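J.: Sequence:
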Amino acid sequence: MTQKLNTELNHLVSSYSVLYTKLHNYHWYVTGNAFFTLHEKFEELYNEVTLNLDEIAERILSKGGKPVATLKEHLELSYIEEATGKESTIQMVETTISDFEKLMKALNSTMELAAEEGDDRTEDLLNAMYQSIEKHAWMLKAFLGN
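Numbering (our numbering), first residue to last: -1 to 144.
Computed beta-carbon distance windows for the label pairs:
#1 Lys103 <-> Gly143: 17 to 27 Å
#2 Asn125 <-> Ser96: 17 to 27 Å
#3 Ala140 <-> Glu41: 15 to 25 Å
#4 Glu99 <-> Glu53: 16 to 26 Å
#5 Thr82 <-> Lys103: 16 to 26 Å
Okay, derived cross-link-like pairs now, DSSO-like style, lysine-lysine, Cα gap no bigger than 30 Å in a straight line:
#6 Lys84 <-> Lys139
#7 Lys2 <-> Lys100
#8 Lys70 <-> Lys103
#9 Lys84 <-> Lys70
#10 Lys70 <-> Lys100
#11 Lys139 <-> Lys103
#12 Lys64 <-> Lys103
#13 Lys103 <-> Lys133
#14 Lys61 <-> Lys133
#15 Lys100 <-> Lys64
#16 Lys103 <-> Lys84
#17 Lys61 <-> Lys100
#18 Lys139 <-> Lys100
#19 Lys2 <-> Lys61
#20 Lys2 <-> Lys133
#21 Lys2 <-> Lys70
#22 Lys133 <-> Lys100
#23 Lys2 <-> Lys64
#24 Lys100 <-> Lys84
In case anyone wonders, no lab produced these hints; they're calculated from the structure. Note that the coordinates shown come from a computational prediction; the quantities given were computed from them, not determined experimentally. Note that CB positions come from ideal geometry on N, CA and C, so glycine has one too.
Take these sequences, add in the hints, and give me the full structure.
T.: As structure tokens, this is what we get:
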């Protein structure tokens, strides 16, 4: 694994770490008519994010790299910003969609890099994550009526 691929995978590790905390925040603080629906959905999403985070970190380790593992590093390297704690219920959904779009862009570029390096297994791993996030983004857009 090249240093460039290791760096991009670490951007994903950090992005997933920040997203995990952000989705937990939304899970705890969502209110209103959609509480039951979104409370469950945010829990489903942060559970999936946890699995993806672990898969990428373990992939880095299996390829001889080192995943970043501190909150400071995650905040510095993440493509996703942490929650403000002031989001409305609708803003929570809109921000999650936006975060998923950022993540899909990062996953796509990292898949391309893995393909250039002939690392089919990393590419496949990221492709599965991409497809799942793409579906979640579609569902959240449908929830908003978009």
